[in-house]
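One-letter residues, chain by chain:
2 protein chains.
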Amino acid sequence: MIELVILGNGNVACHLCSVFEKSNQVLLVQNYNRRGMQIPNCNVPVVHKVNEIRSADIYIIAFGDNSLHNLSNFKTLKGLVVHTSGATNMNVLNTFKNRGVFYPLQSFKKEIPVNFNDLPIAIEANSSFCEKLLLNLAKSISKKVYSINSKQRKALHVAAVFANNFSNFMYTQALDICNEHQIDFSILKPLIEETIIKIVSNSPKDTQTGPAIRKDSLTIQKHLDILHSEKQKKLYQHLTLAIQDYYGKEL
Amino acid sequence: MIELVILGNGNVACHLCSVFEKSNQVLLVQNYNRRGMQIPNCNVPVVHKVNEIRSADIYIIAFGDNSLHNLSNFKTLKGLVVHTSGATNMNVLNTFKNRGVFYPLQSFKKEIPVNFNDLPIAIEANSSFCEKLLLNLAKSISKKVYSINSKQRKALHVAAVFANNFSNFMYTQALDICNEHQIDFSILKPLIEETIIKIVSNSPKDTQTGPAIRKDSLTIQKHLDILHSEKQKKLYQHLTLAIQDYYGKEL
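These protein sequences, in sequence, are chains A and B.
My numbering applies: residue -13 is where the first sequence begins, and numbers increase by one.
My numbering applies: residue -13 is where the second sequence begins, and numbers increase by one.
No incorrect hints appear here.
Identical copies go unnamed one by one, so any copy, or any two together, can satisfy a pair.
Below, simulated DMTMM-like cross-link-like pairs (lysine to aspartate or glutamate); rule was C-alpha separation at most 25 Å, straight line:
| no. | residue 1 | residue 2 |
| --- | --- | --- |
| 1 | 137 | 216 |
| 2 | 96 | 192 |
| 3 | 219 | 231 |
| 4 | 137 | 170 |
| 5 | 83 | -11 |
| 6 | 220 | 231 |
| 7 | 125 | 180 |
| 8 | 64 | 51 |
| 9 | 191 | 180 |
| 10 | 125 | 179 |
| 11 | 201 | 97 |
| 12 | 201 | 216 |
| 13 | 184 | 166 |
| 14 | 191 | 97 |
I should point out that these hints are in silico values taken from the structure, not numbers from a laboratory.
Make the full structure from the sequences, and use the hints.
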């Protein structure tokens, strides 16, 4: 049984507490957070003083990225200490003898449930012993565990911003345009789902369609005429030019 | 039995020929295309001279948008004449007594199969008689048929560009970043699928996460440092600013 303490009460910390509390291979000993807030949907004992943190095999520090650069309060922690940040190097934990990274590749919101079973977890550790321990921890909740180094993880984090945050913002623009013209956004949902099905079985590079890649200037102009918001127009133009530039040599 | 002729041999025309050939309620009489090319996976008789086009109840003109503005060669067509363009007004067909629009809301590629059953089709016609005929045609292949006017359809077409073309381009950027760093793109697929599941059950407006909306300038700078391509950097910056501006009042 791996003994685990989770530090933090943000989105990632809350989801991790909730899933590890249910695992048979892990004992979730404690949660620490500064204000001693209870974790939603989780009965784990919570402490708010550093000196009350109990000993464990692994400590997951699920703080915001900016808080990872000052961990001097936690220097007494023994065991394997890991952070959960995609964009932060493992060496931010250099003061700890046993260190690593436990990066669940998902966009977390507290109120939206997460299926950890299929959720990729990227791990890294500073020794093969620590890596094995972390691998066992990750495999207790997910079928998809990958060992990758800090540089790859950072690149993966940027890729995830494009694949998740930026694409989501495109869907928000689509929603706003529908609302403005009294169109039910659900008309677009099959198209969105189909986009994803195509990507999973093909490469997105090969599934690009639309007026930008066709260099259909008539349609592009019509679209710009319909968009009322100057910001939306600029976004449309920037993306259209970027697509044309990207496929330029092939067109 | 509705008698149908389909004009054109582009992506939309080919998929429509293929699905209507299988329909029990529709008789696909003919395909016309300029060069008399056979339609892949479809046994419909093909003609390339306008005077060989046979009479039918409905003619679907599935030409590119730019070709819809010069249809004088086809002025002898009797019956209901419709185009398939999301971005083109119905009145481009004003020389035809019975006219309409049959707009399947999907991004078509010839080699990728389409499930028409769940594919939304937006229709418009210039009389209730024509609208009913078009409704029957659309319902013979899809469960999701919507009557919308030309202005709404244009807006829907722009929304679809954001929801499909632009989001797809984001996935392509993610793929390129993964390839550059020897990361298997499939690590990102669960995240992409989860993004879509969230949108279908929530509003994308409420599911936005990431460094842009968090105004996490440290991570944003790290990401810009990792991106090698100047174009990718500019795209990242434009989208980050657009997200921050959009959510600005709420942050």
